[in-house]
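> If you read the sequences in order, they're chains A and B.
Take the first sequence: its letters are residues 1 to 453, numbered as in full-length UniProt numbering.
Take the second sequence: its letters are residues 1 to 453, numbered as in full-length UniProt numbering.
Treat the hints with care, as some may be off.
[Claimed, not checked] Here are the computed lysine to aspartate or glutamate pairs in the EDC-like style, where the Cα-Cα straight-line distance is at most 20 Å:
hint: 1; chain 1: A; residue 1: LYS373; chain 2: B; residue 2: ASP73
hint: 2; chain 1: B; residue 1: LYS252; chain 2: B; residue 2: GLU13
hint: 3; chain 1: A; residue 1: LYS6; chain 2: B; residue 2: ASP70
hint: 4; chain 1: B; residue 1: LYS6; chain 2: A; residue 2: GLU11
[What the hints assert, rightly or not] The following label-pair restraints were derived from C-beta to C-beta distances:
hint: 5; chain 1: B; residue 1: GLY430; chain 2: A; residue 2: GLU191; range: 57 to 67 Å
hint: 6; chain 1: A; residue 1: GLU127; chain 2: B; residue 2: LEU282; range: 52 to 62 Å
hint: 7; chain 1: A; residue 1: ALA283; chain 2: B; residue 2: GLY430; range: 41 to 51 Å
Hints listed in this document are in silico derivations from the structure and should not be mistaken for laboratory results.
The beta carbon of each residue, even a glycine, is placed where N, CA and C say it ideally should be.
Protein chains: 2
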Amino acid sequence: MSEYTKILLEEDEMPTQWYNIVADLPEPPPPALHPGTHQPATAEDFAPLFPMALVEQEVSTERYIDIPGDVLDVYRLWRPSPLFRARRLEKLLDTPAKIFYKYEGVSPAGSHKPNTAVPQVWYNAQEGIRKLTTETGAGQWGSSLAFACAQFGLECEIWQVAASYLAKPHRRTMMEIWGGKVHPSPSDVTEFGRKLLAENPDHPGSLGIAISEAVSEAIEDETVRYALGSVLNHVLLHQTIIGEEALLQLAKVGETPDVLVGCTGGGSNFGGLAFPFLREKLAGKMSPVIRCVEPSACPTLTKGEYRYDFGDTAGLTPLMKMHTLGHGFIPEPIHAGGLRYHGMAPLVSHVYELGLVEAIAVPQLECFAGAVKFARSEGIVPAPEPTHAIAAAIREALACKESGEEKTILTALCGHGHLDLASYDRYMRGEMQDLELSDDLIKAAMLDVPEIA
Amino acid sequence: MSEYTKILLEEDEMPTQWYNIVADLPEPPPPALHPGTHQPATAEDFAPLFPMALVEQEVSTERYIDIPGDVLDVYRLWRPSPLFRARRLEKLLDTPAKIFYKYEGVSPAGSHKPNTAVPQVWYNAQEGIRKLTTETGAGQWGSSLAFACAQFGLECEIWQVAASYLAKPHRRTMMEIWGGKVHPSPSDVTEFGRKLLAENPDHPGSLGIAISEAVSEAIEDETVRYALGSVLNHVLLHQTIIGEEALLQLAKVGETPDVLVGCTGGGSNFGGLAFPFLREKLAGKMSPVIRCVEPSACPTLTKGEYRYDFGDTAGLTPLMKMHTLGHGFIPEPIHAGGLRYHGMAPLVSHVYELGLVEAIAVPQLECFAGAVKFARSEGIVPAPEPTHAIAAAIREALACKESGEEKTILTALCGHGHLDLASYDRYMRGEMQDLELSDDLIKAAMLDVPEIA
């Protein structure tokens with residue numbers, strides 16, 4: 001294996017448990033609060049939205065949770081996912097560093113999202129749920145949920161931000177191939193949607209509006225629930241299979257990371273890769289620097305405040321303590337749609353506050369420049385979101401070139417960019433620009449965030 | 001491994017030789033002929049187009065040819081490719097048959113084409129060639145060659161059929177990410193292109209015209225050569241790594257195929273999968289039925305004639321003895337663009353004439369219906385071309401359901417459909433129809449084929 005490019009695991013080496021970082025943190029994360037009373041949210045508060053098994057996972061303090069056999073069976077369609085040594089990129093950069101990337105683009109939907117979509121659908125199926133609703137922006141999450149629903153025979157109804165619905169018809173087609181029913185949002189299906197369409201028939205929609213429509217459709221019917229693709233504890237829990245596999249794969253070639261970088265939007269890709277390594281670090285078994293990478297245009301950790309805020313724009317969800325730019329904040333239209341979220345997963349926010357992880361923000365031109373280098377050397381065209389992780393890995397590798405250090409760098413390529421080629425086209429024609437965020441804009445968006453002691 | 005879904009090979013289990021079926025055939029295939037003299041074509045006739053190493057492979061009778069180490073290094077970016085047992089599709093079909101599929105969509109370009117693009121570029125690089133030219137229709141081949149050129153630092157210039165250039169901008173973007181220079185064809189770069197544009201500024205182009213432009217640009221410059229993505233012997237040779245890997249993978253789980261089905265356009269995917277199994281069959285080690293699957297709208301084997309014809313529409317290439325619908329035949333605009341070729345690889349045609357393989361034609365509605373079943377059960381959205389192979393595998397599996405036979409079926413899923421979702425959209429909206437070919441149309445196209453004794 002001295003000249004390996006890919007480090008693979010056999011199916012029977014695939015981890016059979018998810019890892020819950022809450023069990024190992026020096027301080028427990030602050031609880032979610034009821035949006036009306038501001039008291040800690042109870043299981044009943046979550047019950048109209050999620051099946052009980054997922055509500056239990058959301059507040060669990062168990063260190064390991066078994067992955068159901070039916071879920072493992074579906075995981076096997078693409079898992080264990082490969083870990084690559086980026087030898088050809090290293091050569092291009094002329095760096096003494098070793099760059100490893102865990103590749104999640106091998107999933108049917110092309111990203112890490114099915115890792116949580118599959119168990120979410122399965123737990124709902126176990127509790128007799130007939131249909132799941134959700135929102136989607138660019139479509140990665142919506143297509144993952146549609147795929148998972150097809151596996152267990154559930155209906156899937158998706159509200160896609162109208163602007164994306166029109167601009168990215170191929171992602172919608174993908175959802176439909178898997179049996180998903182897709183509405184542009186605002187839609188004429190919900191009262192809220194009809195109200196907005198009456199005001200503006202060409203309303204472009206927003207993720208916040210799409211969440212409101214999906215949630216309202218779920219809570220009206222006992223046989224329907226809602227599913228979320230990031231941010232929540234149980235979502236990050238399911239994604240830890242990424243990091244658990246990567247640990248086993250690095251061990252096969254006798255490596256431990258000196259630096260781990262991951263892109264952060266809602267936080268599920270980062271948490272999924274990083275938390276198993278953070279466990280090892282807390283146990284004194286390795287000592288990687290662990291770093292979040294966010295877009296300069298939506299710098300939740302590096303410029304947001306750590307306080308209670310709503311998860312959605314309309315303020316319907318429980319309040320979560322997290323780094324936020326304000327729930328009314330509308331991020332700039334950068335191409336990494338999956339990173340355009342005003343908040344950060346409470347668990348990622350918490351470990352950042354505890355000083356266990358670092359964070360940097362990277363502008364999008366640097367990201368796309370890195371992605372083109374990556375594509376020409378490693379072959380894979382990355383989705384816009386992980387271009388941030390790649391840009392950060394390249395920064396590290398070039399620093400090693402300066403210093404002569406042979407650091408081992410680990411990152412996750414959380415999805416391919418086959419359905420995001422229009423972004424690359426804009427970049428290569430010189431039509432893309434960096435979108436920096438003014439402090440005034442952030443201040444203004446924070447005005448609506450409730451004051452909670 | 002009793003419950004395996006994927007059968008993987010380690011990198012050091014990857015075959016290190018390609019297999020040349022010519023060495024094992026009961027009769028040698030008829031030679032290519034010079035287009036002017038109708039005498040057997042010599043190495044010198046091919047020299048302006050291809051490097052000598054590839055010309056030698058084109059006429060080689062060696063059984064095995066070593067894969068260069070540099071080529072193996074690039075192959076490792078995605079090879080060995082996985083062999084899947086389609087358990088979830090079997091369950092959906094309620095069949096006692098076992099369905100295996102070799103998946104080539106894991107390559108950077110998303111199809112089997114890089115298997116030959118990489119060695120073609122490498123051999124050109126060894127002979128000091130600076131630039132490669134080629135044509136592309138839908139874009140699978142052009143993007144594969146651009147990727148391969150990026151690996152070895154060659155320039156890549158691609159003439160894409162104008163209608164596709166306009167209708168499929170994302171494939172073009174992919175070629176550009178890898179550094180390819182893409183022209184719509186007809187283009188203002190060549191004399192032939194300018195002539196056609198002068199006659200019709202909105203000329204939609206054709207594969208034949210694009211070939212003429214790419215060839216004319218190659219033969220004008222000593223440092224430039226041309227590359228072809230299918231049909232020729234050396235292309236099929238490079239693709240045999242598919243079948244060699246599949247043989248090793250099936251052996252790992254103790255299986256031999258009873259039926260092998262593969263889609264055929266130019267013939268490289270089919271030959272790549274089937275020839276190593278045909279070797280085993282000729283040696284008496286197994287006895288699979290081996291079947292070509294072609295589109296009803298372009299039924300080269302099942303309705304074409306076996307005779308000498310040109311490889312391109314303009315009649316510039318050597319004459320090859322093959323099944324042909326006539327080099328002037330313009331296939332119906334079916335969605336499987338990669339199967340819209342008037343001829344069939346001479347080697348595939350030859351083994352068909354010898355009775356070593358069978359052929360069937362399948363209409364496109366049946367193909368897309370099968371593909372949607374496949375996507376909903378196995379997760380992967382197939383490219384339009386391999387939907388033909390899937391449809392044929394499903395026919396076989398359903399016949400097993402009738403008969404109760406537990407046959408082992410093997411096929412190749414030669415590419416994913418991420419850049420072909422518009423075809424699925426048309427199918428699901430009921431806007432697609434079957435395109436049957438009239439015998440009169442074939443007769444008319446055959447009139448231009450030269451009479452050769």
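> Does each hint hold? Answer for all of them.
Consistency of the hints with the structure:
1. Between LYS373(A) and ASP73(B) the CA atoms are separated by roughly 18 Å; this keeps the pair inside 20 Å, and the hint holds.
2. For the hint pairing LYS252(B) with GLU13(B), the CA-to-CA distance comes to about 12 Å; that is within 20 Å, so the pair holds.
3. For the given pair, LYS6(A) sits about 16 Å from ASP70(B) by alpha-carbon distance, which is consistent with the 20 Å threshold.
4. Straight-line distance between C-alpha atoms of LYS6(B) and GLU11(A) comes to about 8 Å, which keeps the hinted pair within the 20 Å bound.
5. In this structure the supplied range 57 to 67 Å is violated for GLY430(B) paired with GLU191(A), their Cβ-Cβ distance being about 31 Å.
6. For GLU127(A) and LEU282(B), the hinted distance range of 52 to 62 Å is satisfied, since their beta carbons lie about 57 Å from each other.
7. The beta-carbon spacing between ALA283(A) and GLY430(B), approximately 58 Å, falls outside the hinted interval of 41 to 51 Å.
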